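2 protein chains.
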Amino acid sequence: MDLKGKVVIAQGGGPTSVINQSLVGAVLESRKFPQVTRVYGALNGVEGIMNERFMDLTRETTHNLERVAATPASALLSTRVKPDIAYCKEMFKVLQAHDVRYFFYIGGNDSADTVRIVNEQAIQQDYEFRAIHIPKTIDNDLVLNDHTPGFGSAARFVSTAFMGLNLDNRALVGVYIAVIMGRNAGFLTASAALAKKYPDDGPHLIYLPERAFDIDQFLLDVKDAYAKYGRCIVAISEGIKDKFGKPLITNLVDTVEKDAHGNLQLSGSGSLGDSLTALVKEKLNIDRVRSDTLGYTQRNFIGAISDVDSNEAREVGEKAAHFGIWDNVDGSIVIERTGYYSVNYKLVDLSLIAGKTRFMPDEFITPEGNNVTDAFKYYARPLVGSGFPQPSQLRAPMAPKILDIHGKPFHS
Amino acid sequence: MDLKGKVVIAQGGGPTSVINQSLVGAVLESRKFPQVTRVYGALNGVEGIMNERFMDLTRETTHNLERVAATPASALLSTRVKPDIAYCKEMFKVLQAHDVRYFFYIGGNDSADTVRIVNEQAIQQDYEFRAIHIPKTIDNDLVLNDHTPGFGSAARFVSTAFMGLNLDNRALVGVYIAVIMGRNAGFLTASAALAKKYPDDGPHLIYLPERAFDIDQFLLDVKDAYAKYGRCIVAISEGIKDKFGKPLITNLVDTVEKDAHGNLQLSGSGSLGDSLTALVKEKLNIDRVRSDTLGYTQRNFIGAISDVDSNEAREVGEKAAHFGIWDNVDGSIVIERTGYYSVNYKLVDLSLIAGKTRFMPDEFITPEGNNVTDAFKYYARPLVGSGFPQPSQLRAPMAPKILDIHGKPFHS
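The listed protein sequences correspond, in order, to chains S and B. Under UniProt numbering, think of the first position of the first sequence as 1, with each following residue one higher. Under UniProt numbering, think of the first position of the second sequence as 1, with each following residue one higher.
Next comes chain S alone, as it looks inside the complex (with noise of 0.2 Å):
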């Protein structure tokens, strides 16, 4: 017998690229069943829940579902708030008033942990229910899957714009170093590795929250690398610690913000970037050095997109309508690999998703712990899709000196 009822369709935490593919996914797949009355988007994820506000997306038009899709940043909006039982039972008196039968929430694992919150409820309350949890995050950091929707277009972004402070820090020489994103897991960081396609080619150096971070190690680092390059372009993540895993941020800056699931204030800041500069300045005494936060562009840069990612974020959507409406089930779609390369979709019990992290395998990570083994080039390399740009150097023959006055090397 089929649990006929409304679908309810909500986005929680940070956007990604791609998150509007899964939205878009999961509403076009859930419009199909005859059993589903209403594909209803909650605005600011549970915030809209608890307060009813709805928007009928069964009445939104093909047409500009597949433009949202398209476009970066959650649709229907985001929130951050974790709700606590107290919520939840509020949630749910809109949830039964509503003849709400399917929940599907797109998020990371703080979302996975309020997917299974909110289906403990049901549970407890004997109301037939199923609840999906959409896996999507720029960190890559769930567990038991192989990637996560958002993290391809974030890498795409990432490795791109690499390629270009690669370039530029070629043609005007000095210490350049790049704060990324990554709270806890490297894998954002480590994709700016991907820009290196001649020898000489930066990111140089690689710093991630996985591996304690030591400033005289960093100094010493930073100091080889500009000996052999004549310039030094680091990557480092803005999670990273020191031996205590205490973040090197919290060290840095007074005031540190925390949000609603305790997490520190990260992103949004130049302060880390600015630190480290001021540190290689001092005790390097190298004249140029300069930092960039690559700040928010990373998750809703539009014209970065990677394909792979888009039509896998497109396929979990799909996926979480086939899962609770075909198969009467709860639980974490995960991405499993395949082949290289290929995709599948399985569904695990929320508990194996919900608050927990990944990391960097320790064989992405050179035993020195300040860059990325080539392992992790052949995983990450796919999920930026087709089309990747290939940038490239002059060749061309020295012409001989006639005068022969002595100039400086030329850091080819």
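Simulated from the structure, these hints should not be mistaken for lab results. Quantities reported herein were computed from a predicted structural model and do not represent experimental measurements. Beta carbons: idealized from backbone N, C-alpha and C, even for Gly. A portion of the hints provided could be inaccurate.
Unchecked claim - Per the computed footprint, the stretches of chain S lying under chain B, defined by three or more beta-carbons under 8 Å from a beta-carbon of chain B, are:
no.	region
1	302-314
2	343-354
Said to hold, decoys possible - Here are some, though not all, of the chain B residues that point toward chain S, as calculated from beta-carbon distances under 10 Å:
no.	residue
3	LEU65
4	LEU77
5	SER78
6	LEU219
7	TYR296
8	ALA399
With chain S's structure known, arrange chain B on it following the hints.
Chain B alone, transformed into the frame defined by chain S:
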């Protein structure tokens, strides 16, 4: 009688995403003339001439030249050196020794000044010599030019970035401040406005170096926009100045570097954005305030190159060969707009361009000085090229409430 000898091409100042199109245009066109004995590329601008570091581009393959043309940042590397008379005299020894008769220098107004000084030396020493300045600058601040190669692609990056940043800020509301490159001219900062599609889209406020920045007025503006939209996105130029013409950054940051041209270091630091963020938090008591400094990616992102910009950059390079070799004249190439949208190229006297800065005309700035006009958008739109991204919002109707719990307004 054709002037027989070598061509030297060099690139100076900050890289752009299309500066290598100009290089390759000049190289390929120069290689067609029988009186051109060799086409040399000087490495690191005037430094390469001084040190006889010439790459023989007559021996570069056409395929690789085309690949390099599509690659951002100066393939011949760059320099911030500003030659004085003594430096120029040394350069001339080299140019004469190598029988160089054509000098094409790709750069901004500092580089135009270099070309002027070099050419004056040639005249004084009665050495027959053609010197052409090929325009390039993301700042769009060369006088007599409708616009400059490099600007369109930088504007495409900035406006594309703001499309995503707007959607991100709409999904997770707050005040967001993005600091954009542009020391004296506000064109690039202004181009953030091209991101706007829907009436509530950001940037809601735009601050340009052409208008004195008043902190109290800024806070009032942000307060008003936040009240109106429930959020606020600000685009602000790194070169913003107070009413005494003093860069805001000097009031905020203790140690500020200067380069050889006496210019303050504005890029490669998040200080300005962080200071403004702290100010808004403190004075307006708004919880979520974030800033990003868009950074060097603005001038070298390989994923957001404007085709219009790219084609024009190629043409100004070709025109250097036409003016210098066919017409046997010196000068600076300028872009003239001849239709909507079409351009033509003229040669003007070097002294008319060298060291001068063009500013945003008054009709491009609103009377309040905190935004740009439609006249600016009409002017700038063709420059960002074809296939400009088009983000879309959902527009389905809201579903009726049943429980009618009072909710927060939807920031549509």
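Checked hints:
no.	hint	verdict
1	302-314	holds (count 3)
2	343-354	violated (count 0)
3	LEU65	8 Å, holds
4	LEU77	5 Å, holds
5	SER78	4 Å, holds
6	LEU219	19 Å, violated
7	TYR296	5 Å, holds
8	ALA399	4 Å, holds
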